[in-house]
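S.K.: Could you put together the complete structure from these sequences and hints?
Residues per chain are reported as follows:
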Amino acid sequence: MTLESCYAMMGGDLEGVRGRLLTDERVAKFVGMFPHDDTFANLERAMEAHALEDAFRAAHTLKGVSHDLGFMPLHVAADELTQALRPVKEGGAVDEAALVPLMEAVQDAYRTTIDALATVNE
Amino acid sequence: MFGTMVLGINAKLFVARSGAGAREMERDCWCMLARNPNDHRGGGYMVATSLSKKKTVLVVDDSMFNRALLADMMADEFNVIEAENGKQAIAAISKLGLGISLVLLDYVMPEMDGFAVLSVMQRRGWIKDIPVVMVSAESDPAYIERAYELGVTDFLTRPFDINIVRHRVRNTIMLYSKQRVLAGMVADEINERERDVNLMVSILSHIVEFRNGESGMHVLRVRALTEILLTCLAEKTDAYDLASADISTISMASSLHDIGKIAIAEEILNKPGRLTDEEFRIMKTHSAVGAEMLEKLPTGQNEPLVKTAYAICRWHHERYDGRGYPDGLVGDDIPISAQVVALADVYDALTSERVYKPAFSHEKAMSMIIGGECGAFNPLLIDVLRDNADSIHGQMESLSSDGRGNYGTKRVMEALADVDEKGTTSRTISLLDYERMKYNFYAEMSNEVQYELSQDPPMLVMSDYGRINLGLPEVIPDPEKSEALIRVFGREGVTEFLHRMMDTSPDDPIVRFDMCGVANGETRWYNVVSRALWSDDDKPVYMGALGKLTDVHDQRSLLMDLQFRAWHDSLTALANHAYARKVATERMEANPDCLFIMLIVDLDHFKEANDTYGHEFGDRVLRYFADRLSASVREDDLVARIGGDEFLVFMMCDQETDRRHLARRIHSAIRSEFEGFPVSSSMGVACADVVGKDYDEMFRCADRALYRVKRLGGGSCSFCEDETGPVCEVSSLSPIDKPERSYTGRERRQSAGVAKRRGNDKS
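Chains C and Z supply the protein sequences, listed in that same order. One point on numbering: in the working numbering, the residue at position 9 of the first sequence is 9, and numbering is uninterrupted. One point on numbering: in the working numbering, the residue at position 582 of the second sequence is 582, and numbering is uninterrupted.
Simulated from the structure, these hints should not be mistaken for laboratory data. Predicted model, so just to flag it, every value in this text is computed and none were measured. All C-beta atoms, glycine included, are put in the ideal place defined by N, C-alpha and C. Mixed in with the good hints, there may be bad ones.
[Said to hold, decoys possible] List of simulated lysine-lysine pairs, BS3-like, C-alpha gap at most 27 Å:
id : chain 1 : residue 1 : chain 2 : residue 2
1  : Z       : K236      : Z       : K284
2  : Z       : K271      : Z       : K178
3  : Z       : K55       : C       : K29
4  : C       : K89       : Z       : K481
5  : Z       : K54       : C       : K29
6  : Z       : K95       : Z       : K128
7  : Z       : K284      : Z       : K261
8  : Z       : K548      : Z       : K481
9  : Z       : K236      : Z       : K364
[Claimed, not checked] A few chain Z residues that face chain C, going by a derived Cβ cut-off under 7 Å, partial list only:
id : residue
10 : V108
11 : E111
12 : F155
13 : T157
14 : R158
15 : P159
16 : F160
17 : I162
M.R.: Below is the structure:
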């Protein structure tokens with residue numbers, strides 16, 4: 001499958017990415033790297049262990065990476081989780097119950113993204 | 001040029017670190033990573049993406065993906081090196097310095113975040129020379145504000161756009177290079193100006209002095225003393241608001257204090273005898289005349305130097321009590337510059353030789369000034385003079401001995417020569433680059449581990465040789481808790497290593513010691529030489545250390561080998577007699593409650609073995625016997641060869657040991673046969689509790705017991721107390737009642753001592 005259909009499947013912004021990274025070759029290279037990146041795994045591990053500061057860092061990284069690659073639904077979900085976790089950074093309290101749906105949204109978006117990427121790699 | 005060379009070396013280091021071949025590296029490092037990102041984990045911390053002479057950009061980000069993306073975007077134009085966290089970033093900057101043209105810094109990172117890196121860069125003054133562009137998805141104005149405050153040049157916001165990244169990096173580097181060049185030019189310009197002004201003042205004041213028939217030293221000495229007095233005065237009080245710029249202006253202007261003398265007729269100026277009243281009146285006009293000359297300068301009257309010189313010229317003959325000339329000013333109406341120069345002028349006049357007087361000593365001059373014989377001065381200045389008398393004396397003396405009269409001229413020549421030289425600022429930078437290159441080169445060439453230790457953040461950075469040889473990472477954050485470091489040097493070794501340096505003082509910052517380390521599974525000795533770094537604060541703070549670790553294992557082994565040879569018998573490798581005596585004596589002193597037994601063993605019929613089968617066979621018998629004897633006793637027992645066929649065993653036992661049984665067991669254990677030659681021995685035994693804890697006495701007694709066995713035909717074992725002699729009697733049941741026979745003085749003392757000890761034991 002082509003990059004176009006893959007991005008369409010996940011609701012990504014391919015034109016934006018093309019504008020920023022200039023060549024399809026480069027886009028494909030980094031899109032191909034994404035499934036091997038361990039940021040999402042780190043995020044899940046940190047959330048399970050209630051290591052909120054690590055979780056904040058991972059969410060923050062995921063938000064940035066997904067933004068760079070134009071994975072918009074994942075970017076939006078990661079951004080919301082990052083904002084909810086931000087008080088940890090400033091030593092404030094976090095409503096852990098409120099994090100659950102936000103994390104689920106990230107997981108959903110991640111799965112959709114990975115599924116879409118799998119079609120390209122085939 | 002130097003910068004390029006430094007980069008060359010560093011690039012090589014990075015290749016070595018990554019463990020990949022240079023050719024592969026050049027091709028496209030990131031393609032390899034992209035194919036198998038897992039390979040990268042746990043590997044070297046930095047990777048060079050190219051070996052060309054491009055500018056180097058350091059990317060600091062904990063996300064491998066982000067580093068890869070940025071590196072890919074910049075790879076065409078720049079060398080990209082990477083750090084996974086703040087500590088690695090600091091290590092890279094300490095190592096490469098201006099070799100890094102720009103830092104792309106992430107804000108959210110574990111260990112040490114972007115702000116912490118910025119703080120360190122600011123504290124160490126790097127932020128002035130190395131631009132930092134912050135990369136972050138943060139858009140919170142508070143973060144941006146803080147980052148700018150900490151010296152960040154610009155921001156790159158997500159998502160990254162390749163054109164923006166490239167242009168921003170390129171422009172920032174260009175801006176900084178230009179700024180660096182400009183700053184250098186301005187600094188050189190200022191330095192040059194200052195040199196020119198100094199030169200002019202110097203020439204001018206010397207014209208006056210030469211006309212005056214003086215050596216040229218007077219101006220220099222007044223200037224030096226003015227500077228000393230002002231510096232001390234500024235430390236003592238802030239009443240005169242003397243900044244260091246003021247002090248240097250006043251000092252420079254002091255050189256002009258006598259320019260008015262140019263208008264005085266030479267006959268008066270150089271008259272050897274006493275001046276008439278009229279002549280003195282004319283002479284006194286030099287202060288007002290000098291001031292007038294400055295006042296009538298066509299330009300520059302508002303320059304601080306000229307204004308200050310005016311005050312000094314006009315009022316350096318005023319007195320604090322108002323009885324001076326030309327204006328009769330009183331107290332602090334006289335500008336402080338003129339007051340200080342007046343004092344310096346008087347001190348120098350007193351301590352120098354003049355046509356009408358010899359030179360007075362420093363002490364004499366001081367007492368005359370303080371006693372009010374040479375005018376009236378500000379009491380505060382007199383205090384300053386008195387409080388700093390020793391240092392003034394010392395500095396003025398060294399000025400005289402350095403100068404030898406033509407100091408001024410020499411300096412003029414030097415100043416002239418300097419003007420043509422290359423700009424100082426750019427020179428300093430290239431020197432720094434050169435030093436860095438030298439350091440890197442030597443670190444690679446010498447078989448030493450060089451290191452830098454910093455306290456804040458706690459971090460140990462080692463040269464490449466250290467990494468290869470000790471199997472340590474180049475950068476070790478938190479060394480006290482580093483598993484890798486502990487594996488090499490042990491927990492105690494690491495703690496001691498770190499604390500030795502902390503325990504130094506700023507006055508005595510160098511430590512040397514040996515420590516053991518395990519390299520490639522082998523324990524080796526290292527010599528450590530380290531210099532602790534202390535801050536310049538009033539209360540110095542320990543900041544870290546520089547040092548090197550040299551492998552001295554072979555040297556030390558040689559030394560230990562020599563020592564071994566000195567203490568051991570070359571044929572059997574057993575201890576020799578001297579060593580046995582030393583060790584036995586030490587053991588007895590260290591273990592007062594133990595029982596000690598000495599056996600002297602003589603090989604029976606050894607002479608026959610030698611005579612019948614030859615010396616080579618004799619030697620083999622001795623070696624065999626030595627092994628057999630060693631095998632018959634415990635490992636801790638001391639076995640020595642003390643003569644041709646005589647051996648010694650020294651044992652430590654507890655009080656319950658059955659000594660006779662022990663000796664007999666050993667005696668029978670060593671009875672055997674060697675290649676048809678019957679090995680049997682004679683043995684004499686002495687126990688410390690019987691004859692006293694004295695090595696020589698034990699030896700004599702055991703030897704005597706052995707002699708008895710030998711006389712009776714050998715092949716058996718005898719205790720010295722079994723002997724029908726004095727020692728035997730003393731040591732049998734009733735020691736005190738025995739008759740004294742052929743005792744030597746020593747034996748008598750010894751037996752008395754034994755008797756007393758035994759008596760104590762009973763009580």
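S.K.: Each hint needs a verdict: does it hold in this structure or not?
M.R.: These are the hints, each one checked on the structure:
This hinted pair does not check out: Z/K236 and Z/K284 have alpha carbons roughly 33 Å apart, beyond 27 Å. For the given pair, Z/K271 sits about 61 Å from Z/K178 by alpha-carbon distance, which is inconsistent with the 27 Å threshold. Only pairs whose Cα atoms come within 27 Å are accepted, and Z/K55 paired with C/K29 is accepted, the gap being roughly 25 Å. The hinted pair formed by C/K89 and Z/K481 meets the criterion: a straight-line CA distance of about 25 Å does not exceed 27 Å.
At roughly 24 Å between alpha-carbon atoms, Z/K54 and C/K29 fall within 27 Å of each other, so this suggested pair holds. The hinted pair formed by Z/K95 and Z/K128 meets the criterion: a straight-line CA distance of about 17 Å does not exceed 27 Å. At roughly 9 Å between alpha-carbon atoms, Z/K284 and Z/K261 fall within 27 Å of each other, so this suggested pair holds. A C-alpha spacing of about 21 Å is found between Z/K548 and Z/K481, which places the hinted pair at or below 27 Å, so the restraint holds.
With a CA separation close to 25 Å, the supplied pair Z/K236 and Z/K364 stays within the 27 Å bound. For Z/V108, the interface hint holds, since its Cβ comes within 7 Å of a Cβ in chain C; the closest pair sits about 5 Å apart. Using the Cβ-Cβ criterion of 7 Å, the hint placing Z/E111 at the interface with chain C is not satisfied: the shortest such distance is roughly 11 Å. Because the beta carbon of Z/F155 sits about 14 Å from the nearest beta carbon in chain C, more than 7 Å, this interface hint is broken.
A least Cβ separation of about 10 Å between Z/T157 and chain C goes past the 7 Å threshold, and the interface hint is therefore violated. Annotation: Z/R158 was flagged as interfacial toward chain C, and the flag holds, the nearest CB pair being 5 Å apart, inside 7 Å. Nearest Cβ of chain C to the Cβ of Z/P159: about 4 Å, under the 7 Å cut. The hint holds. Checking Z/F160 against chain C by beta carbon gives a least distance of about 6 Å; that is within 7 Å, so the hint holds.
Evaluation of the Z/I162 hint against chain C yields a held restraint, the C-beta minimum of about 5 Å falling below 7 Å.
Hint compliance for this structure: hints 1, 2, 11, 12, 13 are not met, and every other hint is.
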